[in-house]
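Mapping of the sequence shown onto our numbering: residues 133 to 236, in sequence order.
Fair warning: there could be bad hints in the mix.
[Claimed, not checked] FRET-style restraints, in silico, Cβ to Cβ:
#	residue 1	residue 2	range
1	Ala175	Ala137	33 to 39 Å
2	Arg156	Pro183	29 to 35 Å
3	Gly136	Pro183	44 to 50 Å
4	Arg140	Ala179	27 to 33 Å
5	Ala179	Val142	20 to 26 Å
6	Pro204	Gln145	18 to 24 Å
Derived from the structure by calculation, the hints contain no laboratory data.
From the three backbone atoms N, C-alpha and C, an ideal C-beta is built for every residue, glycine too.
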Amino acid sequence: MTGGATTRRVWDQEQRARAERLDRSESAWAIWYGVGSRRFYAAALWALAEPVLLQTRTAGELRALMRAAESPYAPPKSPRGPGRPPHSPGAPTNRRLVRDPVER
Numbered sequence: 133m134t135g136g137a138t139t140r141r142v143w144d145q146e147q148r149a150r151a152e153r154l155d156r157s158e159s160a161w162a163i164w165y166g167v168g169s170r171r172f173y174a175a176a177l178w179a180l181a182e183p184v185l186l187q188t189r190t191a192g193e194l195r196a197l198m199r200a201a202e203s204p205y206a207p208p209k210s211p212r213g214p215g216r217p218p219h220s221p222g223a224p225t226n227r228r229l230v231r232d233p234v235e236r
């Protein structure tokens, strides 16, 4: 057996970089890319009775799902506190896992 350096393979570099950029630009969400699932994920960081977790195949689709998930809560133009839209009274509080429409 010969000794040699092993090369670490980094999977889906472009998708991971997109998720990192989106995470930096969306302070009300935690965003990541799952290398095993090959999907983009976003979790709402503002106070809700139940968490909102979104997942889809592309960063663009994820951004559209995020905007749709925010609309019932109508975050103000300048959020109170760092990236935390307030919870609107009477807004739905059930737990939602939103998948892309292709999989339904």
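request  = Identify every previously stated hint that the structure contradicts and give their numbers, smallest first.
outcome  = Checked against the structure, the hints that fail are numbers 2, 4, 5, 6, while the rest are satisfied.
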